[in-house]
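Student: Here are the chains, one letter per residue:
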Amino acid sequence: MLSDEERHEIEAELTRYPTRRAASIDAMRIVQRHRGWVSDEALRDLAPLIQMTVDELDGVASFYNMIFRRAVGRHVILVCNSVSCWMLGAGRLLDAAAAAAGAPQGGTSADRRFTLLPIVCLGACDHAPVLMVDGDLHHDVDPADAASLLARYE
Amino acid sequence: MTDRPLTGRMREDGAALDLRAYERAGGYAALRDALRRLAPAEVQKRVKDSGLRGRGGAGFPTGQKWSFVPMGADAPHPKYLVVNADEMEPGTFKDRLLMERDPHQLVEGVILSAYAIEADVAYIFLRWAYKLSEARLARAIAEAYDAGYLGRQILGSGYSLELRLHISGGRYMAGEETGLINALEGRRANPRSKPPYPAVVGLWGRPTVVNNVETICNVPHVIGRGAEAYRKLSATGEGGTKLYGASGRVKRPGLWELPLGTTIREILEEHAGGMRDGVRFRGLLPGGASTDFLVDEHLDAPMDFESLQKHGSRMGTGTMIVLDDRTCPVGMIRNLEEFFAQESCGWCTPCWAGLHWVADILRDFEEGRGEMADLDTLAAHARLLAPGNTYCALAPGAAEPLQSGLRHFRDDFERHVREHRCPWR
Amino acid sequence: MATIFIDQRSYDVPDGMNLLDASLTLGFNLPYFCWHPALGSVGACRQCAVKQFRDEKDMRGRLVMACMTAAAPNTRISIDDPDAREFRKSVGEWLMVHHPHDCPVCDEGGECHLQDMEVMDQQTYRRYRGLKRTFRNQDLGPFVNHEMNRCIQCYRCVRFYRDYAGGRDFDAFFLRDRVFFGRQSDGVLESPFSGNLVEVCPTGVFTDKTLKLHFTRKWDERTAPSICVHCAAGCNTIAGERYGLLRRIRNRFNGEVNGYFLCDRGRYGYEFVNGPRRVRAPRIAGRADAAAPSDAVARAASPLAGGSGAIGIGSPRASLEANFALRALVGPDRFCSGMGAAEHRLVSEVLRLLQEGPAPAASLHDAAQADAVLVLGEDVTNTAPMLALALRQSVRQQPMKAAAALRIPAWDDTAVRNALQDERGPLYIATVAATPLDDVAAATMHAAPDDLARIGCAIAHALDQAAPSPRGALAADAALVGRIAGALRAAERPLVVAGVSLASQAVLDAAARVAHALHAAGRPVRIALVVPECNSLGAAMLGGCDLDDATALLWPGSPLIVLENDLPRRCGADRAARLFERAGELVVVDHTLTPTAERATIVLPAATFAEGDGTYVNGEGRAQRAFQVFVAGGDVQESWRWLRDLMRASGRGGAAAAWETLDDVTGALARELPAFAAVRDVAPPATFRIAGTRIAREPARYSGRTARDANVTVHEPEPPGDPDSALSFTMEGFQAQPPPAQPPSALIPRFWAPGWNSVQSVNYYQTVVGGPLRGGDPGLRLIEPAAPGAPAAAGRAPSAFEPDDRDWLCVPMYEIFGSEELSALAPSVAALAPRAYVALNDGDLHRAGLREGGDAVVASADGTCRLQVRRVASLPPGVAGIGVGLQGAPWMRLPDRARIHPAERDR
Ligand SMILES: Cc1cc2nc3c(=O)[nH]c(=O)nc-3n(C[C@H](O)[C@H](O)[C@H](O)COP(=O)(O)O)c2cc1C
Ligand code: SF4
Ligand code: FES
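Chains X, L and H, in that order, give the protein sequences.
Once you know that position 9 of the first sequence is 112 in the numbering used here, the rest is easy, because the numbers rise by one and skip nothing.
Once you know that position 110 of the second sequence is 669 in the numbering used here, the rest is easy, because the numbers rise by one and skip nothing.
Once you know that position 177 of the third sequence is 219 in the numbering used here, the rest is easy, because the numbers rise by one and skip nothing.
Worth flagging that the hints you see were computed from the coordinates, not collected in a lab.
A couple of the hints might just be wrong.
[As the list claims (entries may be wrong)] Some chain X residues close to chain L (C-beta under 7 Å, calculated; not the full set): (1) S127; (2) F166; (3) M169; (4) I170; (5) S185; (6) S187; (7) M190; (8) C224; (9) C228; (10) G238.
[What the hints assert, rightly or not] Pairwise CB distance ranges, derived in the manner of DEER restraints: (11) X/Y256 to L/R811: 24 to 34 Å; (12) L/G947 to H/D54: 22 to 32 Å; (13) L/G947 to H/N191: 25 to 35 Å; (14) H/A446 to L/A932: 46 to 56 Å; (15) L/R563 to H/H143: 55 to 65 Å; (16) H/P919 to L/A952: 53 to 63 Å; (17) H/G797 to X/R195: 48 to 58 Å; (18) L/R563 to X/D198: 38 to 48 Å; (19) X/G209 to H/H143: 25 to 35 Å; (20) L/R885 to X/Q154: 49 to 59 Å.
[What the hints assert, rightly or not] Examples of chain L residues toward chain X, derived with CB under 7 Å: (21) E646; (22) R723; (23) I880.
The beta-carbon is built from N, C-alpha and C at its ideal position, and this holds for glycine as well.
Pulled out of the complex, with its shape left as it was, chain X reads as follows:
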């Protein structure tokens, strides 16, 4: 069941487009903001409101990488592995982040505190290597500092 809050937010999005389908990505993002990820159940909740089938919704969801179709930890760490960051040590940063977070690449830590995902270019190549935690962008990260950086996220 969609919460009232979710429903209101989605209905506001619906007014911004001429078709309901167009709001599907926004709707899934809204659900994700509230629930951390988009479960099968969430798709079933959304389908009637967006007037799409769960199959159609998942066809869209599975195309985009910022719609999480699997449960994530409390904090999502995105480590850029695109070219500039790769040159400047993204690999080591990923390893360091994995060790510090206790989460494997592409996975979630046992305490569900962190999910660690490699990500494509974050648009901060002049400050490589970079990573993003829950939307906070961290510049020029020294892999040695990964642990202290992540300590801020409880």
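Given the structure of chain X, go ahead and fit chains L and H with the ligands onto it with the hints provided.
Tutor: Coordinates of chains L and H with the ligands only, in the frame set by chain X:
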């Protein structure tokens, strides 16, 4: 060089110009002027005359793109203007600056551009990762509505425009203009066939123009200064300034607004401060991941659309990625091709299958399993993933660093085969 | 026409046709995957690349996708160009990057378009060394098997399932080299057209799950051109057999009828042929073991010999020949159509409307081309499924004009869809309750049958003031009626769809009035009238009486001969039982042990459509021949042969007793009944030969013939002869090698062309790829309306339906899976058939004290029955829907008033 129309009024402290500050700095004057005195066709003409070319990568003349939109009483409505703020080309970080630091400049550009094509609704299609841009744009849009720059009867003129911010679900392909249209419609971001072009059949089947953030940000200056003055800003005559950037092992990675046509050497050595101590320059991708490598011999080329084309590369986004001698070129190309393979939408065979194979071979090289014959396979892909052979420009873009990399760094590839390992590891 | 140049030679092709279509039409072997003649071009696979040159001087040219490029005057392309060849070969290699090369264990092997195209590309060596991606497959229900690892991402499946057939529980997921085609989670595919995935998929991702249970390779199948017997649409099929088992049904292209597709009932209903209820030897009541045919015939014939008043009950599911033979045996006055009184009257009315006009019958092709449609009363998805698929296409006709104005060719599928978005042409649906086609309708109306008739009358009146206008309030608002009338009047190809499923004369009248009114307004209207069974119209054309009359005619103790008919389904168990009791000898000629056959004193084992030849008249009035595929074991023979044997043994039937071949029967039919004068020309006679030989039912590669019985005998049995058709039962004979060597279109036993082993070989049999078969699509229309057409029906519109506060008006509701007798015997179809039900809307459920899913007792004049309760919100108040023909559903006269209350258990 002091005349930096796009960035000159940005604040030193990194904060955004708010409405008041923007207006004080002369913002929205061009819009007021245009709404009062210029018909849409005249706005279009000015942009055409200015020589403004798209800053999103392909460099298509902006005025010309607009001219394909059906105009007048019989034109289908609503018409749409879409700002491409997806900026997912690896090595590219220019639009972010424009949106974070001077969001009203973009909003004014949107209104002027929308007016030029008589659009009813505009969308800014924003990269999900740009949280700060999102907040600042949302605020600027709200301010613009309050001030009467958006909404019904803008500034008392007969022109109305709605501007909406859309946050992307995240895919490189969502930045390709027709993929973007599908994404905005709430679909998978597969590209669409052309013709019909979006200018005729775009969002929800209606005429639609898609322009890059930087392109749109130039429009107030074209209108404000006039086509001639704007054209003269460039070093070579292609019109205007350009946000150039550099990343990699240079002393001062960053972003600079310079006259269009500034030489690579000047950007690399004066603005980026040259290579870091202890590393040597080996080559660069001039404008993001999907451009051809340039090497020493090209450093004196002016960075503009035509010169770079002459040298076998492309201006792309104008943000260069610099390769140094401590980085394995094969590894760099592998990184690029993995990106493209991963971001392929899966629609056309050469791309989804070809790039997967290319990335697979490049991994083999890195891990010491490469064979000489694989070089032929790679070269064949670089040739076969050509524009027209694939459905959209993603795969041809991927072919550019591959084919030029094979040419310039052939020895490095062969060493991987001979030594059965990556010499840099 | 445009003159184009292919590899320097000039050809004339239709202007604007895409170059792939044009090249294939000209006979070039140009490989392709994502393109499909019915689905259009999308340019995804990049397999059809050719070199295009600007002009004579251009030597470099550039690669273009043939499917995405229109032929214009002086278009110059090269298929042979080395660059184009290299690129196509590369596409072939790319497609194999992930393909598992599992042809030996893949059901598609030997008829795989991917195999064919790889050979065409000369792509024989794989260089890719990496790991192949793997997927988890899904259970998609009883019809379609899923093996995603074989996928080549051509997107045909989603384009058919979603864009063409309107299914929404199937999609593309993920991206790059791992696009997954399927459902969000395991589950039965909801579209009743899902089986087409099997033919649309160019490789072995989607395969026929029922075939898997008794698999055989295409080259080991004996096949013949056949006609679907599971509804009146008359779709053309290819039925395939090996070793005495019917293995599967595939589409047989007919441009006028079903085109490239079939519905799932038609594709999977065939399993009844192999079923445990089949009768394979004569049975004589009271005897434990099978009777010898001669005994059974002698016993059945003896009461006939005296000339006593034997009654023959024919069947709308039996062939013309079988019915005609029965008529010859008992005489025209004692011949019954096999339909109940109401059905007989209504089907005869349909026949009259089609014969007298003014609107000619619409073929399925016409229906798909219609640009404004009114559906009155018929839930076509469940009563004539392929008509629903055709109507789904009709809504694209009007918007297509807007695409044309934007200069988008009709074949440029994604461009057309992007330009038109959700725009749809006028399709108006007025039915008792919501139907699966409603999603594409411009408007829907749900009302009781009489109210539907009133809506029809109001539309007719809006079109033509001379038509009577219904009095009182209407169940649809006046503005909508006006809109419908306006849309029909403005259309270039308006169509009215109705039928007999509601058993309502008023609805049929109303539809006829709309057609009349449009005709009177000078519009070229067509009409599609849905009748229940594969030969309903043929049975009506043969005349005869209805079952009530037959009962009255039957003298107690006289013999009753029932042909391929289960009477309790037609008139209820009680009435049938009374009839059976009254009869002396009850002789049943049928292929299946129906309740009627169980009651028989003598059962003669009849051939199914696959075991004998026969002609069927579909709802359009098109006579089509189904050919015998194989010789059934046991004593099975065609019904008409049994009846002929009875004539011989009883000394009745006159000249008919001398019939030896099917051509004798059709010849006599054509001579005796003028309406059937053309029936002989439906297919070439048995004497027809190509190059002096018959047409082979088995392909040249058919294997195992000599080895099969080698452990028993090394002598090959003599192949059976076929006196009835120009086909041979073996591989000896003419093997099609088109072009130009192809059999007459009615006699094409399978599609194959050199290098083309898959279903796509049909390309080579068409005048234009996607167009009619060479020599014309098979089948002959027996009915064309007389000019200038009959006058409009007289009389007033019915009065409005008044709900009753105690009784419900029960109306029939149909299920694609379950309502039709024979397909319901197929296990795969039966698995999806619902239990017998009564449906009510929410208010009425409440009023009756019923709970969805519980049981209700329905008490009508025909007795009481217990049915599962279904909630159908769209039903009008006071109207209950009864699922007809379903397992466990007792017969009930419909429509009828009935009392409905909860079964004891639920109280
Ligand atoms: C795969 C792919 C990704 C692209 N991504 C972007 C992007 O993120 N931002 C952008 O402005 N243009 C992008 N483009 C270019 C757009 O297709 C389009 O050319 C551009 O937005 C037009 O704007 P302009 O004319 O102002 O340059 C991309 C192109 C391709 C082929
Ligand atoms: S080149 Fe083809 S598969 Fe690749 S992104 Fe474009 S359309 Fe999709
Ligand atoms: S490559 Fe990492 S931020 Fe650009």
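Student: If a hint holds in the structure, say so; if it doesn't, say that too.
Tutor: Right, here's what the structure says about each hint:
1. S127: The hint holds - X/S127 has a Cβ within 7 Å of chain L, the shortest such distance being about 4 Å.
2. F166: 4 Å, holds
3. M169: 4 Å, holds
4. I170: 6 Å, holds
5. S185: Holds, because the Cβ-Cβ distance from X/S185 to chain L comes to roughly 4 Å (cut-off 7 Å).
6. S187: 4 Å, holds
7. M190: 5 Å, holds
8. C224: The hint holds - X/C224 has a Cβ within 7 Å of chain L, the shortest such distance being about 4 Å.
9. C228: 4 Å, holds
10. G238: Since chain L brings a Cβ to about 5 Å from X/G238, closer than 7 Å, the hint holds.
11. X/Y256 to L/R811: 24 to 34 Å: 31 Å, holds
12. L/G947 to H/D54: 22 to 32 Å: 27 Å, holds
13. L/G947 to H/N191: 25 to 35 Å: 31 Å, holds
14. H/A446 to L/A932: 46 to 56 Å: Holds, since H/A446 and L/A932 (Cβ atoms, about 50 Å apart) stay within the stated range.
15. L/R563 to H/H143: 55 to 65 Å: 60 Å, holds
16. H/P919 to L/A952: 53 to 63 Å: 59 Å, holds
17. H/G797 to X/R195: 48 to 58 Å: 55 Å, holds
18. L/R563 to X/D198: 38 to 48 Å: Hint holds: Cβ distance 41 Å, inside 38 to 48 Å.
19. X/G209 to H/H143: 25 to 35 Å: Given range 25 to 35 Å: holds, Cβ gap about 30 Å.
20. L/R885 to X/Q154: 49 to 59 Å: Holds - the Cβ-Cβ distance for L/R885 and X/Q154, about 55 Å, lies within 49 to 59 Å.
21. E646: 5 Å, holds
22. R723: Because about 5 Å separates L/R723 from the closest Cβ in chain X, which is inside the 7 Å limit, the hint holds.
23. I880: 6 Å, holds
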